[in-house]
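**Q** Let the sequences and hints guide you as you build the complete structure.
First residue of the sequence shown? That's 3 in the working numbering, and the numbers climb one at a time after it.
Check the hints yourself; a few may be wrong.
[Claimed, not checked] The list that follows gives simulated cross-link-like pairs (lysine to any residue, SDA-like), each with its CA atoms no further than 20 Å apart: (1) Lys186 - Leu171; (2) Lys247 - Gln258; (3) Lys61 - Gln334; (4) Lys176 - Thr131; (5) Lys176 - Gly92; (6) Lys176 - Arg200; (7) Lys137 - His174; (8) Lys163 - Asn106; (9) Lys61 - Gly119; (10) Lys166 - Phe191; (11) Lys61 - Glu126; (12) Lys163 - Thr100; (13) Lys163 - Ser217; (14) Lys163 - Gln258; (15) Lys247 - Ser288; (16) Lys163 - Ser209; (17) Lys176 - Thr100; (18) Lys176 - Glu126.
Derived by calculation from the structure, the hints in this document are not laboratory data.
Values in this document were obtained by computation on a predicted structure and should not be read as measured data.
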Amino acid sequence: MTGLSTPPRWFVSSLIVNELLRWTRSQGLDDTAFLQASGISTEQLQNPAGNLDAMLVEKGICLALTQIDDPLVGLHLSPKLNVTALGVIGFIAQTSNTLGDLINSVIRFGNLVGDVGVPALHHEPGTVTWTWDCKFHDPVMVRQATECILGCWAGLLRQRKKSKTSILLGVHFKHDLPAPELEKEYQRFFGCPVYFNRPQSGLVLPSRNLTDAMSLADPNLHQMLAMHAEQQLQAQQHSESLADKVRAQLHAVLAQNMTPVRDDIAEMLGMSGRTLHRKLEESGNSFRELMDEVRLEIAREALREQQTTVSQLGLQLGFQESQSFIRWFKQQQGMTPGEFRLSRES
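**A** Written as structure tokens, this is what we have:
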């Protein structure tokens, strides 16, 4: 088998993706098209601590966007990204003492729910611009994701104690105005002038408002949540490195038509099987999930490229019987290997 794939570079939290799918269901779509286009399994979605390959998420969402009759779906989705969908970041933001604390917390801990964009705060005389630079590739996806994030952030600004009057001086987008008739909807949504074809995408507000008190400020709870988030961030950084090493070893073993064994992989990484299990578990991962992820990745690639028969592929991935492989693949992918292959040919 050739052409082994590298581990995912960017991720999106399953919490965010599930919120997106809840919204698409409300628009009359089911999850089938998303799952087939992305290759993400229902088991991966059901893991509340799971991180999903952002490039696969992009494929699934791009397909969903073609089936929704709303050119500003990202903008209109943003109010749905509530505290629960944002995980610990949402609660940290909600309990921040000042607006400046809120913005700094979102920038500091944003990677806990995804690293598909780079947030920053730029200071100018009298103003600050809270920016987000999207890493997605598809231009439509970049626009929709950017509008969704800035819409979500604009909602956070309304959690100030004195929130009756908008403090937004303007909203900047790097992309073009999608259509002239949509300009009024952008201005209605943000309550301020909206500019396009700008060097950065972000919210512009007065520097003085960074000291504004937040309506649900709770210094003690905020400190406790921030400490927890720091631990999560450190564990995530460590677990990503460890998970990448495990994935690489799994790829190498499977490429030799051998069945991966946890203790053998652990020994390759200089630790016991029990230690590997514990370290992966601490960050919400498991050896079984990583093995399923790598197996599925290899299987999809082989089926797309017509590299081998289904029975041979099952043996290469460590399944003694082709029926066992077919059942496993259908559980992961939502369709049989044969159906998956046909779907790629159509």
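**Q** Check the hint pairing lysine 176 with threonine 100 against an upper bound of 20 Å on the C-alpha distance.
**A** Violated: lysine 176 and threonine 100 sit about 28 Å apart, past 20 Å.
**Q** Within a Cα-Cα threshold of 20 Å, do lysine 163 and glutamine 258 meet the stated pairing?
**A** violated (62 Å)
**Q** Against the 20 Å threshold, does the CA-CA distance of lysine 61 and glycine 119 hold or violate the hint?
**A** Holds - the C-alpha atoms of glycine 119 and lysine 61 are around 17 Å apart, at most 20 Å.
**Q** CA of lysine 163 to CA of serine 217, is that 20 Å or under?
**A** holds (4 Å)
**Q** Between lysine 137 and histidine 174, does the CA-CA distance stay at or below 20 Å?
**A** holds (17 Å)
**Q** For the pair supplied as a hint, lysine 186 and leucine 171, is the alpha-carbon distance within the 20 Å limit?
**A** holds (16 Å)
**Q** Does the alpha-carbon distance linking lysine 61 and glutamate 126 stay inside the 20 Å limit?
**A** violated (37 Å)
**Q** Is the hinted pair lysine 176 and threonine 131 satisfied, with a Cα-Cα distance of at most 20 Å?
**A** holds (14 Å)
**Q** Run the distance test for lysine 247 versus glutamine 258: straight-line Cα separation, threshold 20 Å.
**A** At roughly 17 Å apart (the allowed maximum being 20 Å), glutamine 258 and lysine 247 satisfy the hint.
**Q** Quickly compare the C-alpha distance for lysine 163 and asparagine 106 to 20 Å and report which way the hint goes.
**A** holds (18 Å)
**Q** Next pair to validate is lysine 176 with glycine 92; report whether the Cα-Cα distance is within 20 Å.
**A** violated (26 Å)
**Q** Taking only the CA atoms, is the gap from lysine 163 to threonine 100 under or equal to 20 Å?
**A** holds (10 Å)
Consistency with the previously given hints fails for numbers 5, 11, 14 and 17, ordered from lowest to highest.
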